[in-house]
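Q: Once you've looked at the hints, dock chain X against the given chain G.
Chain by chain, the residues:
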Amino acid sequence: MGIGIRIENLRKVYDTPPPSAARGAGFSFVAQRTAGPKEKKKKFEVVAVDGISLEIRAGEVFGLLGPNGAGKSTTIGVLTTRTRPTGGRAFIGDHDAWRDQVKAKRLIGVVPQRPNLDFALTAREILLFHGAYFGQNTRERDRRSSELLEQFHLTERADDMVRNFSGGMMQRISIARAMMHDPEVLFLDEPSAGLDPQTRLMLWEIVRGYNKLGKTIVLTTHYMDEADALCDRLAIIDHGRIISQGTPKELKASIPGGYLLRLRFDHVPEALPGELKNLPGVTEVRANGETGLDVYAGRGGPLIAPIVNAAQALAAELHDVHIAEPSLETLFLHHTGRSLRD
Amino acid sequence: MNWKTFYALLSRDGHVARRNLLPMLLQNLLQPLLLTFVFGRILTTSGMMHAEYKNMLLPGVMAISMVLSGVQAVAMPLITEFQFTREIEDRLLAPIDIHWVAMEKIAAGMVQALVAGLVVIPAAWLTMGSGVQLAFRPAEFGVICVLVAMFSAAGGLLLGCSIGQTQIGLMFSLVIAPMMMFGCAYYSWQSLAAFPVLQYAVLVNPLVYASEGLRGTLTSAPHIRIPIVVGALALINMALLVVGLRKFQQKAVS
Chain G
289 MGIGIRIENL RKVYDTPPPS AARGAGFSFV AQRTAGPKEK KKKFEVVAVD GISLEIRAGE
349 VFGLLGPNGA GKSTTIGVLT TRTRPTGGRA FIGDHDAWRD QVKAKRLIGV VPQRPNLDFA
409 LTAREILLFH GAYFGQNTRE RDRRSSELLE QFHLTERADD MVRNFSGGMM QRISIARAMM
469 HDPEVLFLDE PSAGLDPQTR LMLWEIVRGY NKLGKTIVLT THYMDEADAL CDRLAIIDHG
529 RIISQGTPKE LKASIPGGYL LRLRFDHVPE ALPGELKNLP GVTEVRANGE TGLDVYAGRG
589 GPLIAPIVNA AQALAAELHD VHIAEPSLET LFLHHTGRSL RD
Chain X
390 MNWKTFYALL SRDGHVARRN LLPMLLQNLL QPLLLTFVFG RILTTSGMMH AEYKNMLLPG
450 VMAISMVLSG VQAVAMPLIT EFQFTREIED RLLAPIDIHW VAMEKIAAGM VQALVAGLVV
510 IPAAWLTMGS GVQLAFRPAE FGVICVLVAM FSAAGGLLLG CSIGQTQIGL MFSLVIAPMM
570 MFGCAYYSWQ SLAAFPVLQY AVLVNPLVYA SEGLRGTLTS APHIRIPIVV GALALINMAL
630 LVVGLRKFQQ KAVS
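The listed protein sequences correspond, in order, to chains G and X.
Using our numbering, the first residue of the first sequence is number 289, and each one after it goes up by one.
Using our numbering, the first residue of the second sequence is number 390, and each one after it goes up by one.
Next comes chain G alone, as it looks inside the complex (with noise of 0.2 Å):
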């Protein structure tokens, strides 16, 4: 039997810089100052979440997607009992994750952004005491650690201090921590952020033979093709508000036309944005800075010739095009006008 999520209305608004925690890397710092004219004191005051409403099913992949300072960390922050909610409520199963945190806890494993292991520890010490942390008895322990070192190929450095790691040890490390007390809901952050093309694909491996288990699994991430190739559902966040959400599928048919295509041209006459909107194929023009278009449309190359001909015809000249095919990030900039990677 899995275990749900649940997220009601959740808001979170940092007054105080936050700390320098693996968990709060990522926040758009556009700190507003509430400032009134009479008001001497500025007030520091950042809009991580702004009113995110979710539901995560049982047994589900579900993925976060979103720049850096969406949101996306703190709201797993909150479900994994971190930070402290400004307002909303946050379930896991039916326990409330900020005041019933001990319930809630028994049925999480987190991986963090950054590895925050024990540095005190040798590899196998960090599983078997988190092990001991949730109760597991020393044989349990011991079976459970010599698996997981196995599975994540650390079996030979495992008494070897982690301080000495190298990156991708230590992610991979964290992984088998998070998974040793055989959590009902697994959450990882940016798991596969400067990781090796090979390690990725074994991570990849591991969430998704973990969910066949049964479990449901809560990552953020923001490669395209990571939400792809591993979510069943997807919810695409920007400054603290879900955009749109649903399957991959779902969401890349919600694209108009599905191709996108980015033109610069010299200058953008006023009458272009029209006579592209009527060539064939062509759901959507906008507007992209003052020399650039964005164009949604059903085909992509085969598009080229008509646009420079009208280009032309209106004493423009077209300077560079990009084709993007149908994925999560024309999606992304669809819905933002900005890329992932902004």
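It is worth saying that the hints were derived from the structure and are not from the lab.
One or more of the hints may lead you astray.
As the list claims (entries may be wrong) - Below, computed lysine to any residue pairings styled on SDA-like, alpha-carbon distance capped at 25 Å:
(1) X:Lys640 - G:Asp303
(2) X:Lys393 - G:Leu395
(3) G:Lys391 - X:Glu529
(4) X:Lys640 - G:Arg377
(5) X:Lys636 - G:Thr374
(6) G:Lys391 - X:Leu399
(7) X:Lys636 - G:Arg299
(8) G:Lys391 - X:Lys640
(9) G:Lys391 - X:Ser643
(10) X:Lys640 - G:Val301
(11) G:Lys391 - X:Arg408
(12) X:Lys640 - G:Val334
(13) G:Lys391 - X:Asp486
(14) X:Lys640 - G:Gly357
A: Here is chain X on its own, set in the frame of chain G:
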């Protein structure tokens, strides 16, 4: 309250402490023992100090050792663990209320302070040579030891949650050093009578009660009355605990 988890946290700290046993003992004991040797042996044997000074010094050195080890045992790891790497996170995610994670730190710090204190007595005795006369009152001594250990660990919690890595040096020169100098460790409180203002000013220093309490239960030297010492230490401990736990919560949860 989840005792299994609490015990596991405690055994983790015990495991790490055992691994660092030798450097830890050197760090906490070398300085007090050198002090004992210079003040308790060289100065007394050469006749610059009375032999009775040894009685005055032993409890003071013990108090300093306990306080230093307790504060360091709690504050230093906390400062590191709350840094950028957030090493403490695994324990904050353990299925136990996070106040108990802090309480566990205090318990571990108390054990280390008690061990350090109990090691100092025979060690200092040997360093000073003959001439120390103990008037040992076990029950009261035990109570004082526990209160002093708790003061050191709770103080360590507060310091560890209040300062960052870059301020450790400042902590020693601004907090620890004056506390040691004005902590009635090297002289009795009574002997400050010649400096009336100072005599009452030092009463804000918790180390005064630690030194005087140990002096009163370990030797026959003059000292502040034990009930007063117990009351003062209990109050200080409560205050440090309340403020320390609140600071810990602020550090732990964003």
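Q: Run every hint past the structure and note whether it holds.
A: Taking the hints in turn, this is what the structure says about them:
| no. | hint | verdict |
| --- | --- | --- |
| 1 | X:Lys640 - G:Asp303 | holds (14 Å) |
| 2 | X:Lys393 - G:Leu395 | holds (17 Å) |
| 3 | G:Lys391 - X:Glu529 | violated (42 Å) |
| 4 | X:Lys640 - G:Arg377 | holds (22 Å) |
| 5 | X:Lys636 - G:Thr374 | holds (19 Å) |
| 6 | G:Lys391 - X:Leu399 | holds (21 Å) |
| 7 | X:Lys636 - G:Arg299 | holds (24 Å) |
| 8 | G:Lys391 - X:Lys640 | holds (22 Å) |
| 9 | G:Lys391 - X:Ser643 | holds (20 Å) |
| 10 | X:Lys640 - G:Val301 | holds (17 Å) |
| 11 | G:Lys391 - X:Arg408 | violated (33 Å) |
| 12 | X:Lys640 - G:Val334 | holds (18 Å) |
| 13 | G:Lys391 - X:Asp486 | holds (10 Å) |
| 14 | X:Lys640 - G:Gly357 | holds (21 Å) |
Checked against the numbered hints given earlier, the structure breaks hints 3, 11 and satisfies all the rest.
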